[in-house]
Amino acid sequence: MKRILILVLLLIVLVPLAVIGYQMMVEPGANEPSAPVGNLSEQEQVNRGQYLALAGDCMACHTARGGAAYAGGRQIATPFGNFISPNITPDTATGIGSWNADDFWRAMHNGKSKDGSFLYPAFPFPNYTMVTRADSDAMYAYFKSVPAVSRPNQPHALRFPYNQRILLAGWRALYFRPGVYQPDSKQSAEWNRGAYLVQGLGHCNACHSNRNVFGATQPGGGLAGGLIPIQNWYAPALNSDAETGLGEWPAQHIAELLKTGVAERSAVYGPMAEVVRRSLQHLSDSDIDAMAGYLKSVPKTEAPQTSSMVRGITRNVEETLKLGSTLYEKHCAECHKTMGEGVPRVYPPLAANRSITGASAINPIRMVLNGGYPPSTAGNPRPFGMPPFGPFLSDTEVAAVVTYVRNSWGNSAPQVAASEVNRYRTVPLD
253 MKRILILVLL LIVLVPLAVI GYQMMVEPGA NEPSAPVGNL SEQEQVNRGQ
303 YLALAGDCMA CHTARGGAAY AGGRQIATPF GNFISPNITP DTATGIGSWN
353 ADDFWRAMHN GKSKDGSFLY PAFPFPNYTM VTRADSDAMY AYFKSVPAVS
403 RPNQPHALRF PYNQRILLAG WRALYFRPGV YQPDSKQSAE WNRGAYLVQG
453 LGHCNACHSN RNVFGATQPG GGLAGGLIPI QNWYAPALNS DAETGLGEWP
503 AQHIAELLKT GVAERSAVYG PMAEVVRRSL QHLSDSDIDA MAGYLKSVPK
553 TEAPQTSSMV RGITRNVEET LKLGSTLYEK HCAECHKTMG EGVPRVYPPL
603 AANRSITGAS AINPIRMVLN GGYPPSTAGN PRPFGMPPFG PFLSDTEVAA
653 VVTYVRNSWG NSAPQVAASE VNRYRTVPLD
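Under our numbering, think of the first position of the sequence shown as 253, with each following residue one higher.
Source of the hints: derived by calculation from the structure; they are not laboratory data. Check before you lean on any hint, since a few could be wrong.
[Unchecked claim] The list that follows gives simulated cross-link-like pairs (lysine-lysine, BS3-like), each with its CA atoms no further than 27 Å apart: (1) K589 x K574; (2) K396 x K366; (3) K438 x K552; (4) K438 x K548.
Based on the sequences and whatever the hints tell you, model everything.
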């Protein structure tokens, strides 16, 4: 019934907006002229574009596992169906070989394809619109330089009415305003560079902010954290909140985590491990420092509660904590230590770890069930990992040890139920 009501709401609200939005043929900035950067040579322009493509993590979506770089074909699961990323190599027939710099800019800045059709926001043009024309042209030059691959694009597999592209005009009228990033004159050049990367190419709020029923990021989300749909990982807050975000983190530790995947206070895993491996580790130290400085300044906002938050207690809490303590001493203490302090940059601490004590217990549940590794990076080439305990611990035992970790050494968080663990036993790893 809830899905039917949402579909009806989509038709009632978006169709009239689609009619209005479809009439908006030209948007601000659509015809902004090409803006070369200084006197860069052709190769310097390509090199700059390659760096920016890494900053935007374009490889992650536009390269299928085992496939050619940027040839598309990666399936991106969403609540609306599956998107299939397109080929963006310079193949004329199946890629963007027939595109010019204006066509590429139109896609980045206005979310429109070469033929003027609306692009789905699975391509994060609400963030990429902030990219300058000069940076867009550099990226275009880079993509024109990569090997052309003949790989026909596959149609998206979306449910009705999400497969009706005209409705995107309504979505855009509600949630999209094109506009290049405008520096804040009250802030430093480093702060503005960090904001440009985090808000624009980095598109950090695509994961670290909750989305509404239409798939748009919540207004004023402020990187307050959010559940990544379908993937079922919780992207923690990246704001300055001292309790749930990065407020107590020194900027140096944030930069270290972004660059290497490990830091004194935590390690990255799940989808973020891929972001660090494919994208962030390749950025300059100055850009990483700028991002860290900016994140430290993002004001606190409240994140909506997630449906994965366990409220009920399924067994006596004292018995649960006792069982969890026994299991922790047997399986966890050797690496994470008796008091949960871990080994900095080797085994992450569990005490005062915001990823462990967040409103959602999804992340620690999935790590206990499936194990995992931080990414292998230049700064941490041989990461230490965690083995999976799901094969030999029951749902009740996993719930107990996660509850114990979330409520020991000063941690405090809701109890985890065995039913919650069972829900994620069969969830894909990515």
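Hint check results:
Restraint check: the Cα-Cα separation between K589 and K574 comes to about 17 Å, which is no more than 27 Å; the hinted pair holds. In summary, the hint linking K396 to K366 is supported, as the alpha carbons are separated by about 15 Å, within the 27 Å threshold. Restraint check for K438 and K552: the C-alpha separation of about 20 Å stays at or below 27 Å, so the hint holds. Using a Cα cut-off of 27 Å, the hinted pair K438 and K548 holds, with the two alpha carbons roughly 16 Å apart.
The structure is consistent with each of the numbered hints, conforming to all of them.
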